[in-house]
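Novice: Sequence:
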Amino acid sequence: MNLYMAGIDFAHAPLEMRERVSFVRGQVRELLPRIRAGAGVCGCVLLATCNRTELYVHTEGAGADPLALLCEAAGTDAAAYRPYCVPRAGEEAARHLLAVAAGLESQIFGDGQIITQVREALALAREAGTADAVLDTLFRRAVTAGKRVKTEVRLTAVPASAAARAVRRAEEFFGSLAGRRAVVIGNGEMGRTAASLLQRAGCAVTVTLRTYRHGETIVPAGCRAHDYDDRFAILDGADLAVSATTSPHFTVPAAERGALARPPRLLIDLAMPRDIEPAQDERTTLWNLDDLGGPGGENAAACEAAVRILREEEREFYAWYGYRQSLPVIAEIKDAALNRLRYDHAFGGLYAENDVDGLLELAVNKTVDLLLGGMKGTVAPAVLSDCLTQIKRGSGR
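Mapping to my numbering: the sequence shown position 242 is 242, numbers consecutive.
Treat the hints with care, as some may be off.
Stated by the list, open to error - The calculated lysine to aspartate or glutamate pairs, modelled on EDC-like cross-linking and capped at a C-alpha distance of 20 angstroms, are:
hint, residue 1, residue 2
1, K392, E361
2, K150, E361
3, K392, D236
Stated by the list, open to error - Distance ranges between label pairs, derived from CB positions:
hint, residue 1, residue 2, range
4, P83, R210, 16 to 26 angstroms
5, Y84, T367, 54 to 64 angstroms
6, E332, I218, 49 to 59 angstroms
These are computed hints drawn from the structure, not numbers from a lab.
Note that the coordinates shown come from a computational prediction; the quantities given were computed from them, not determined experimentally.
Ideal Cβ positions, reconstructed from N, Cα and C, are used throughout, including at glycine.
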C-alpha cells in the first residue's frame, strides 16, 4: 500500500519548531490542493493540532516524501525539519493514525479532543477534494477506533484534554482554586472547556470575547464576558490566566504583561502557535503545552485493551483494502470463466440450445470448479460455510 505520512509532534520536536508548521483551518484548506497537485499524489489529508502536524498521502507509486510535499506547499525549507520529523509508511502509517485517534499518542493520554480533530481533518480534505477512497476509509476507521476506545476502555484518573490537565495542575499549584480569580482568553472549544472546568473548581471566571452576538456567542455557564481589547484591565490582579486562541500574534505580549502592577501568579498557554510571549518575570509562572506533562503508568492495562480494539479496526480496514485491490482480478476471473463456459458450450455438445436449465447448471458448476480449483490449499471449510450462508441469505432460502 503506497501510504505515507510525515509527523512533527511534541515527542520529537520542540515547541518553537512545531509552531512554525502549525496551521489553522483556513491555511489547511489552502495547502491541501497544492499537496494534491504533487506528482503521483492520489489523495492527502493534513492533521494539524496543538501537539502535532501530520500529513498523510496516498500515492500511485512508491517512495513518496510527504515532508517535502508539505514544506513545498507551505513555502518552507524541508531540511530544517528533517531532524524533527518522523516518517512512516504503509502499515506503520495506518497503525499510527489509529493510535492517534484513540489518544494513545497524545501528550494527554486518552485526549478526548483528538477524535474531533481527526474527523475535522477528513472533513477539510473532503471539502478540498483531496481525500481519495483509501484515505477516506482509513480516517473513518480511525474515528471509529477512537470512539470505541473512549467508550469501551476505562481510563484511570486521566484528564480527557489539555484543558482538563491544565486545571488539575493549577489546583496542585494553588492548593485549591476555590475563590480564585481566573481569566480565560479565547472562546473556542479549548477556551470554553477550560473556563467551564475552572468555574466548577470554584473560580470566578471571566472570558474575553472579540465580538458578542446575542443568541450566537456561547459563554460557559457561570462565567462573565469581557471585551478582548480591554483584557489587561482584568488580567491585572487575577490569580491565573489561560490563553487558548488561534491568533497568529501574542495575546499577552511581554511588554504589556510586565507593565501590570499585579500580574497573574500563574499563566497557562494552551495555544499553538503560542499566545503568551515568554519573558523573565519572577512574579509569574508560565506553563505551555510542553510543561503540562502526561500521566504515569497507571493506564498500562487500559492501554493494552485499547490496542486490542485498534488491531480489530486495523483488520477491518485491511479487509476492505484487500477486497478493493482484488476487484480488477475478480473482473478478470468473471471474464475468464465466461469465456471458458462459452468454449465448453460451443464444443462440448452437452446441452441443446434451448436447454436453459442445463446451461445454468453448467455455468454454476464450471464457475465454482474453476474458481475453487485455483484456490486449493487456501480455502478452509469454515470459509466455504460462510460463503454458503451468504448465498442462502441472498436467495432468501
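Novice: A separate judgement is required for each hint: does it hold in the structure or not?
Specialist: Status of each hint after checking the structure:
Distance restraint check for K392 and E361: the Cα-Cα separation of roughly 17 angstroms lies within the 20 angstroms cut-off, and the hinted pair is therefore satisfied. Taking the CA atoms of K150 and E361, the gap is near 52 angstroms; set against the 20 angstroms cutoff, the hint is violated. For the given pair, K392 sits about 75 angstroms from D236 by alpha-carbon distance, which is inconsistent with the 20 angstroms threshold. At about 38 angstroms, the CB distance of P83 to R210 disagrees with the hint of 16 to 26 angstroms.
Roughly 56 angstroms separates the CB atoms of Y84 and T367, a value that falls within the hinted 54 to 64 angstroms. For the pair E332 and I218, the beta carbons lie near 57 angstroms from each other, so the given range of 49 to 59 angstroms is met.
Checked against the numbered hints given earlier, this structure breaks hints 2, 3, 4; the rest are met.
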